[in-house]
Amino acid sequence: MLFTLVIHSGPYSQTSSTSLNALNFAKALLKEGHTIHRLFFYGDGVFNLNAQMVTPQGEIDLPKAWHTLIEDHSIDSVVCIAAGARRGVLNDSEAKRHQKDSGNLLGSSDLSGLGQLIEAAATSERVITFG
Amino acid sequence: MGREGLEAALAAGAFDQNMAILFLGEAIWQLLSTQQTASNVASDHHSQKNHLKMTNALPLFGIDQIYTSQDDLNDFSLQLEELALSPTALWPSELTALMSNAKTILSF
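Heads up: the sequence lines are chains A and B, in that order. Residue numbers for the first sequence follow the working numbering, beginning at 1 and rising by one. Residue numbers for the second sequence follow the working numbering, beginning at 1 and rising by one.
In isolation and in its complexed conformation, chain B is listed as follows:
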């Protein structure tokens, strides 16, 4: 649902909705700029087109609150600096606070 979640976010941006995006769990891999997919690898290892370019368009749609989870980064041994869009890494209590302040949460 990575790409389709992103499309929903861009649609919400186009409708001027105030929103934050959280990349949690495996979704973090979407922000890894070194990912190689069908569009830039001449092999059939992956059947999906890389949508990082689309992800990078988020700020153009006024979506600049991008978050991830510090715990999940640790689980995957990833560093914040490796990720596109410079997300803010949150601890569980901060994630809970962010989500409880939202009127609506859509998950993909």
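Bound conformation, chain A alone:
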């Protein structure tokens, strides 16, 4: 089945376990042979792909875990560009455009608009929101 996951919660927020749930759900989907059409990071969810996070030893490194999952399975991953800009999650070109020192978007995720969420909702058989 074709799934899209929408992630609203970030690491170290009050609902950070929700973000971990989303990650584990995504892994379980792939393990069961389902297809992930897209991951859409919205709201505080954009922090999951903040490359500047330094996770203390022994704690779960959510950005790293998401990054590994996305790269290993070549998952289409989109970070909302407006939600990211508000919260300081930018790629290099956005950082330049907003006159910030450097980008901090982790890995190959796209910074893109809400159209990607709408398209994913229209295309996928199931859309699951976390957070």
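Keep in mind that the hints are not guaranteed to be accurate.
In the EDC-like style, the derived pairs of lysine to aspartate or glutamate whose C-alpha atoms are separated by at most 20 Å in a straight line are [unchecked claim]: (1) B:K49 / B:E4; (2) A:K31 / A:E125; (3) B:K103 / A:D72; (4) B:K103 / A:D110; (5) B:K53 / B:E81; (6) A:K96 / A:D110.
Calculated directly from the structure, the hints in this document are not laboratory data. Keep in mind the model is a prediction, meaning the values are calculated, not measured.
Using the hints, position chain B against chain A.
Then chain B, alone, in the frame of chain A:
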């Protein structure tokens, strides 16, 4: 997530998606037209800009199915007449029916 949910709704409207919006629980306060926020109060009590103007734009984007929950209104002692956009108040069974008829539900 109030404002960002609204932005998603407007985006869906721009893509001509057939949709209904449900204001449930505390989200109902977003429709209270007497709310005072940073944009119209000269104090720093609130750090957020009021997005009721944006909410009021929903019909312009072809989004005219606006609902709320009668139970939640009762919980907050709010009257339907106090809310912007004239939502339709639904009972739990009606809410369930509306949601089970939807192909996709996005929550914010």
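Hint check, failures only: Violated: hints 3 and 4.
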